[in-house]
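Q: Kindly generate the complete structure, drawing on both the sequences and the hints.
Heads up: the sequence lines are chains A and B, in that order. Quick note on numbering: the first sequence equals residues 6 to 374 in this note's numbering. Quick note on numbering: the second sequence equals residues 6 to 374 in this note's numbering.
I should point out that these hints are in silico values taken from the structure, not numbers from a laboratory. By construction, the Cβ of each residue, glycine as well, lies at the ideal position given by its N, Cα and C atoms. Errors might be hidden in some of the hints.
Derived DEER-like restraints, expressed as beta-carbon distance ranges [claimed, not checked]: (1) A/Gln39 / B/Pro305: 45 to 53 Å; (2) B/Lys212 / A/Thr289: 31 to 39 Å; (3) A/Lys335 / B/Asp319: 57 to 65 Å; (4) B/Asp319 / A/Gly264: 30 to 38 Å; (5) A/Ser113 / B/Gln329: 42 to 50 Å; (6) A/Ala53 / B/Asp319: 27 to 35 Å; (7) A/Ala58 / B/Leu122: 49 to 57 Å.
There are 2 protein chains.
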Amino acid sequence: MAKENLLLTPGPTCVPPDVLQVMAQPIFHHRTPQYRKLFEKVSTDLKAVFRTAQPVYTFTGSGTLAMEAAVVNFCSPGDEVIVLEAGKFGERWRSIAERYQIKALSLSAPYGSVVPLENLERALKEHPKAKAVYGTLCETSTGTLFDVEAIARLIRKTEAIFVVDAISGLVADRLEMDLWGIDVVVCGSQKGLMLPPGLSFLAVSQKAWKLVPSAKCPRFYTSLQQADAALKQSDTAFTPALTLVLGLKLVLDKLLKEGLEHVWQRTEGLARKTRSSIQKRGLTLFSQHPSNAVTAVNVPPGIDGKKLVSIMRDEKGVTIAGGQGEMTGKIFRIAHFGFVSEADIEKGIEMLTETLEELKTNSVSRAGS
Amino acid sequence: MAKENLLLTPGPTCVPPDVLQVMAQPIFHHRTPQYRKLFEKVSTDLKAVFRTAQPVYTFTGSGTLAMEAAVVNFCSPGDEVIVLEAGKFGERWRSIAERYQIKALSLSAPYGSVVPLENLERALKEHPKAKAVYGTLCETSTGTLFDVEAIARLIRKTEAIFVVDAISGLVADRLEMDLWGIDVVVCGSQKGLMLPPGLSFLAVSQKAWKLVPSAKCPRFYTSLQQADAALKQSDTAFTPALTLVLGLKLVLDKLLKEGLEHVWQRTEGLARKTRSSIQKRGLTLFSQHPSNAVTAVNVPPGIDGKKLVSIMRDEKGVTIAGGQGEMTGKIFRIAHFGFVSEADIEKGIEMLTETLEELKTNSVSRAGS
Numbered sequence: 006m007a008k009e010n011l012l013l014t015p016g017p018t019c020v021p022p023d024v025l026q027v028m029a030q031p032i033f034h035h036r037t038p039q040y041r042k043l044f045e046k047v048s049t050d051l052k053a054v055f056r057t058a059q060p061v062y063t064f065t066g067s068g069t070l071a072m073e074a075a076v077v078n079f080c081s082p083g084d085e086v087i088v089l090e091a092g093k094f095g096e097r098w099r100s101i102a103e104r105y106q107i108k109a110l111s112l113s114a115p116y117g118s119v120v121p122l123e124n125l126e127r128a129l130k131e132h133p134k135a136k137a138v139y140g141t142l143c144e145t146s147t148g149t150l151f152d153v154e155a156i157a158r159l160i161r162k163t164e165a166i167f168v169v170d171a172i173s174g175l176v177a178d179r180l181e182m183d184l185w186g187i188d189v190v191v192c193g194s195q196k197g198l199m200l201p202p203g204l205s206f207l208a209v210s211q212k213a214w215k216l217v218p219s220a221k222c223p224r225f226y227t228s229l230q231q232a233d234a235a236l237k238q239s240d241t242a243f244t245p246a247l248t249l250v251l252g253l254k255l256v257l258d259k260l261l262k263e264g265l266e267h268v269w270q271r272t273e274g275l276a277r278k279t280r281s282s283i284q285k286r287g288l289t290l291f292s293q294h295p296s297n298a299v300t301a302v303n304v305p306p307g308i309d310g311k312k313l314v315s316i317m318r319d320e321k322g323v324t325i326a327g328g329q330g331e332m333t334g335k336i337f338r339i340a341h342f343g344f345v346s347e348a349d350i351e352k353g354i355e356m357l358t359e360t361l362e363e364l365k366t367n368s369v370s371r372a373g374s
Numbered sequence: 006m007a008k009e010n011l012l013l014t015p016g017p018t019c020v021p022p023d024v025l026q027v028m029a030q031p032i033f034h035h036r037t038p039q040y041r042k043l044f045e046k047v048s049t050d051l052k053a054v055f056r057t058a059q060p061v062y063t064f065t066g067s068g069t070l071a072m073e074a075a076v077v078n079f080c081s082p083g084d085e086v087i088v089l090e091a092g093k094f095g096e097r098w099r100s101i102a103e104r105y106q107i108k109a110l111s112l113s114a115p116y117g118s119v120v121p122l123e124n125l126e127r128a129l130k131e132h133p134k135a136k137a138v139y140g141t142l143c144e145t146s147t148g149t150l151f152d153v154e155a156i157a158r159l160i161r162k163t164e165a166i167f168v169v170d171a172i173s174g175l176v177a178d179r180l181e182m183d184l185w186g187i188d189v190v191v192c193g194s195q196k197g198l199m200l201p202p203g204l205s206f207l208a209v210s211q212k213a214w215k216l217v218p219s220a221k222c223p224r225f226y227t228s229l230q231q232a233d234a235a236l237k238q239s240d241t242a243f244t245p246a247l248t249l250v251l252g253l254k255l256v257l258d259k260l261l262k263e264g265l266e267h268v269w270q271r272t273e274g275l276a277r278k279t280r281s282s283i284q285k286r287g288l289t290l291f292s293q294h295p296s297n298a299v300t301a302v303n304v305p306p307g308i309d310g311k312k313l314v315s316i317m318r319d320e321k322g323v324t325i326a327g328g329q330g331e332m333t334g335k336i337f338r339i340a341h342f343g344f345v346s347e348a349d350i351e352k353g354i355e356m357l358t359e360t361l362e363e364l365k366t367n368s369v370s371r372a373g374s
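A: Next comes the structure, spelled out in structure tokens:
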């Protein structure tokens, strides 16, 4: 069935109609056995999606709230941390850390690429007291996948914990939290989990938990101690966005029924299809290590990237994402994860082709006038 | 029309069916003119409900997140603040302040009563450097209304700002932010605003804004500077819970169409009706200053308060609230605000009467056996 409003954006992604409907049922109270049963179920199923036996905490808030939680619960002012930066969201780790007087050592790489492993290896040797390494699975701003498995291999030999922003990457790109030895995984609801925005998640290893009691950054709403005490009662410390939790149950049912391996393969197939269609049309990819969540495409010379996005959205019914920050106008981004089909991708590419043609014709006719 | 699942709880409250349906429409992207138009409209309409010309900031998170925002954006570690405490939510202000090394001077009063004005007047004189006074409109845990108009009159003569937790009170109990000279008003979505939980709000006066640049408590997700920069572009700093924002538009339309004066009067009528029905049945009220949002009732001798709540919920289809913390088993609470009718209240009281009879009979038969 064709989607009324096709979102090919790296969050929010389209929400399945039955999930929207389950969230529209009459509201009930969250301090009840009914809710605790629901929350216990989703908290268990989340572990399967995060590929961990460790607890996964649910917060009401956007992904950035959970990123902040992943800083303040493990660090103290004055601590040293290492940040892997090659885009807007890597940079956000540093911004949050600095806000709390944490010394953030940036290992940066050009947008579209990843931080070389040897740089991290050297930094870990030079900074043996680094409390944590903050990285990203899929850097949404550039559509770039970091090899978090290889990164984790370096970090797990040290005292540092490895914290991964998997907000847009989880479910789209393979991530094996326990198997690879990742300590903290952050996610949001409006990406691979196919929900509206409003929930965010934090999975926490035992190595990471050891840092919590001595972490001196102040926190209340994001306190893991409070979240943990509540989770032990199948509850949240503060009123949850409960319609989203209802939707989450159904989404997790769907993902686990299909099987994560299959979801990853299917998403990889959609990503390949998108990239090859893009390249067949003479367009070039921005990222050197493309993620299965989102493909960043260089805006062709002579084309107004912002106009491309707005025409597709307002006239063709397909929302793609432009570039963010310094990438504005230079790239556009097509997401291919979550509730999206081959037909959706085909429609997206068709509308892209049509729009590029129109923009080229206009630019030629303007040049010739 | 009878409600399938009648919630007479002080949040979440019942959500109107058309609001549930509007939130179930296909999702769209928030970094678009379509969203900015929506968000501009709700941000304007929120001012009318908060009775202010000042900006109202929307956060994705529960009410407690906005409470934390109302501490960290105005205070620095080491600052002195005054907290008005006569219940669980007054106490929460102190807990948050202390987490940030702020010296919280508690002015406490027994549960069910309010802090005498002369105590506040004295404290303000004795602590001229107090940066803020933290109070509550309706103390949800006891169903008690604070006279925030009179409190504001004392505070506005001083340098301190007055911050009011109106999470459950707003829309139910009259609050005139600008007219009464209140500096900061905090609210949540799942109370008088008749939405599911997930959004919270902060209205901020110019006097309060003057404290923001020098407030040294660390903050990222709750930063008012970031929220303000975004609001000036009719946007939020971080991805909003956009289905709830869609619902918010419709709810605000409803409230403003009815007129706040009328909503307040109607709610007061429901509160009076509830209280008189309760008293006619020989039950006694817990609060000395009852709020129009929620009525706290003493559990009669010989009755198991927790059982009362669970039987009403599981067998009669009416959810009321028990007591929280030290009030557990001692009171129960019936809310009468938001999307609730006279018929709903009647049904609630009827089911309460029935349940009390059953519990009495059982307790008599047990006593006689």
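Q: Taking the Cβ atom of A/Lys335 and the Cβ atom of B/Asp319, is their distance within the range 57 to 65 Å?
A: Cβ of A/Lys335 to Cβ of B/Asp319: about 59 Å, so the range 57 to 65 Å holds.
Q: Starting from the range 30 to 38 Å, see whether the pair B/Asp319 and A/Gly264 falls in it by beta-carbon distance.
A: At 36 Å between Cβs, range holds.
Q: Range hint 49 to 57 Å: satisfied by the CB atoms of A/Ala58 and B/Leu122?
A: holds (55 Å)
Q: Assuming the hint says 42 to 50 Å, is it satisfied by the Cβ distance from A/Ser113 to B/Gln329 or not?
A: holds (49 Å)
Q: Given the hint of 31 to 39 Å, check if B/Lys212 and A/Thr289 actually sit that far apart at their C-beta atoms.
A: With a Cβ separation near 55 Å, B/Lys212 and A/Thr289 fall outside 31 to 39 Å, so the hint is violated.
Q: Could you tell me whether the CB distance from A/Gln39 to B/Pro305 stays inside 45 to 53 Å?
A: Since the Cβ atoms of A/Gln39 and B/Pro305 sit about 27 Å apart, the hinted range of 45 to 53 Å is violated.
Q: Between A/Ala53 and B/Asp319, is the Cβ distance one that fits in 27 to 35 Å?
A: holds (30 Å)
Checked against the numbered hints above, the structure violates hints 1 and 2; every other hint is satisfied.
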